[in-house]
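Chemist: The task is simple: from the sequences and hints, build the whole structure.
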Amino acid sequence: METTLTNPVASRKFISDGVLGMIFLLTTEAMLFAGFISAYIVNHAGATMWPPADQPRLPIGITAINTIILLASGFLLFFFSKNFKSNQANGKNGLGILMLSMLLGLTFVSIQGIEWVRLIGYGLTTSSSLYASFFYLIIGFHGLHVLVGLAILAYLFNKVKNSKSTEDAKNTINACKLYWYFVVGIWPLLYYLVYLS
Amino acid sequence: MENTHKISFVNKYLFSTDHKTIGAQYTIMGVLMAAVGGFLAYIFRYNLAFPGQNIPLFGALGPQQYNSFVTIHGMIMVFWVGMPVLLAGFGNFLIPMMIGTDDMAFPTLNMMSFWIFFLSAVILLASFFVPGGAFGGGWTMYPPLSANGYMVRDPNFLSALLSGSSLLILAVALEFVAMLMGGINFLVTTFNKRTKGMTAFRVPLVVWYINIAAVIFMFSVGPLVAGAFMLLFDVVLGTGFYDPARGGDPILFQHLFWFFGHPEVYVLLLPSLGVLAEVIPVFSRKPLFAYKKLVYLALLSAVLSVVVWAHHQFIAGIDPRMATFFSIGTIIISIPFAGIFLSFMATLWGGSIRFKLPMLWALGFIALFLIGGLTGLFLGSNAFDIYAHDTYFVVTHFHYTLFPDIFFGFFAAFYFWFPKFSGRTLNNTLGHLHFWLTFVFFNCTWFVLFFNGLAGQHRRIHDYSAFSNFSGGIYQTFEKFSTIGAICLILTQFIFLINVIMSMSKKKNAVKNPWEATTLEWVADSPPPHGNFPVMPEVFRGPYDYSVPGEAKDFLPQNQQ
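Residue numbers (this note's numbering), protein chains in the order written: chain X, 26 to 222; chain V, 198 to 758.
Among the clues, some could well be false.
To be verified - Below are the DSS-like pairs computed for lysine-lysine, each with C-alpha atoms no more than 25 Å apart in a straight line:
(1) V/K750 - V/K553
(2) V/K217 - V/K393
(3) V/K489 - X/K38
(4) V/K709 - X/K38
(5) X/K38 - X/K117
(6) V/K750 - V/K709
(7) X/K38 - V/K705
(8) X/K38 - X/K107
(9) X/K189 - X/K110
Everything labelled a hint here was simulated from the structure, so no lab data went into it.
Modeler: Set out below in structure tokens:
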């Protein structure tokens, strides 16, 4: 519908549409994880032994390294977004940093996948215990969010690459980066709750 | 009118991104689903009145089917009628028109929202035809009935995925995704696309209320989606989240469900109250009483709505201290709503009231909701609730709140805005007939069942023949009376259908502002063209300037200087 009338006097945007929409979406997402986490805490507190004696232990060490990888990815995205305007002025787009951030995200989710395959081999399956069910539920949902986040970053990459206007690209970056910050930011909490507590 | 460019049929009516078309799609879909829900209600009401007999237009009803029909009736009426009509329908029609803009902030997202909703409805209806039939464990989907037992026959992954239980969860999840996309659109549009001069406290109250409803929905839906996924995994992946034998906790699902389930009633209620706040001042020719306070009261109710949920679980084995907390919370939340209704009363007080059709529906809403609200106070107290839980008293209370909310609210809005959005007028005599018969037959259907409930008659029992105290005598007579009332209530709705069809076959004859109202949608043409306004109107005053002293006319449109 290209004929849509635009109204020059109507725009009073303190926050762009994309960022505002993303904030509302992430509020809902935060509540989704709050649901999972509260269910987990209730069951954890009520269990006599957590984790159960016959269940394999979770890989704390490698996941700690993986946590650092994901956090690094988040920081790279932050630097990309922070330097975007000055890079544009210098005739660069800084997409290399974004690419690196995406690669680290991909590394994170790949290591998670490899660990899952190993854990299933050790007998930790969705139906082997409540402990295992919660592990796959919470970590699986986070993994799904990482994949969606990577798709969003790929969209962002494409958008910045082909974008004519700096302002337009900046708005897209501001909206997309929030999703990745959410995915990265919630991970240490999940790591602490599911792996360490 | 200017935008007469050619758009193909598919783009104009199916995959349209115009908010008015999407609003119409949602409303029509909601009305169609209401027909399905009403038909299901007819079948099981008939069976309750005349157990074991062949039901006209259907045949014999088995106990398993009875359970399915009651469950799906509840699901349809709340999630596939209430939500699309009140939240998505009103939101899409009204928000861009009332804040003075051309369309939603994300039109494509809006279009996708409807089609995901459509898909969810198809999945829900398809669940009637899978082996074992549609889910029959009650609309609250409590485990263990929803997680295992006779509802899910086969432990095989694929057949578990295609069971009535899984399909219902899937349909509900998709419906929520659709409403979430709609809610984000409403909020962003209202924040960012208001026309010049449309400050926060010049926005009509219905827009405020739809947005507050969207916020409540988005804040509360997450835990339910979490709970629903855990339930789905219990069914298809063999996890044991809700299985006490494996360390799980079935009460957990109830908490996650009602954390959403209770705020959900305010998600349904607020848009309708917003419609009342538009209709009552117009037909009282008075400003809405305490406009700003009504916004604050709704915000207060939104906060309180997420701390009352466990009043649905008083007999589920929760801690009595917790029950007391939730009892008090429940009774406190009636205060903001009492405030809202008192403000409507105060608006009527001393007004020059015009008993036009939208006004009748609005007044009918208040009268019926009063009964629903007052019985809610009884149920909020856990001492009484322990006795009344799961009886017809609860069912009747619920229908005295949600029937006025969904149907009276919808009809008030429909008779009010139909001339604007279709450009046609409705027949007044048929409209009066529709209102009065609906009002009378609704009370015939439900009022008597309060007594059945107080006598202890339990809902969700297919056939009372084996219970001598209910199978004969006065309570069976009440059941029959109620069923006849329900059949008449359903037949009455054909008057509405005939009225709409007659009106649609006539020429467009509606004037711009038939009710002499002040808000911006009455400035646009009837029906509004694509883009709504030729030039975006500028706003100079609040939405309720009726009977301003010293003015020639008794209403001042918002765009008048």
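Chemist: None of the hints should be skipped; say for each whether it holds.
Modeler: Against the structure, the hints come out as follows:
Of the supplied pair hints, the one linking V/K750 and V/K553 holds, its CA atoms being roughly 20 Å apart against a limit of 25 Å. The straight-line distance between the Cα atoms of V/K217 and V/K393 is roughly 22 Å, inside the 25 Å bound, and the hint therefore holds. Under the criterion of a C-alpha separation no larger than 25 Å, the hint pairing V/K489 with X/K38 is consistent with the structure, at around 24 Å. A threshold of 25 Å between alpha carbons decides the hint, and for V/K709 with X/K38 the separation of about 31 Å lies outside it, so the pair is violated.
With a C-alpha separation of about 28 Å, the suggested pair X/K38 and X/K117 falls outside the 25 Å cut-off, and the hint is violated. As the CA atoms of V/K750 and V/K709 are separated by approximately 16 Å, the hinted pair is consistent with the 25 Å bound. Of the supplied pair hints, the one linking X/K38 and V/K705 is violated, its CA atoms being roughly 38 Å apart against a limit of 25 Å. For the hint linking X/K38 to X/K107, the alpha-carbon distance of about 21 Å falls within 25 Å, and the restraint holds.
Note on X/K189 and X/K110: the hinted pairing holds, with a Cα-Cα distance of about 14 Å set against a maximum of 25 Å.
Hint compliance for this structure: hints 4, 5 and 7 are broken, all remaining hints hold.
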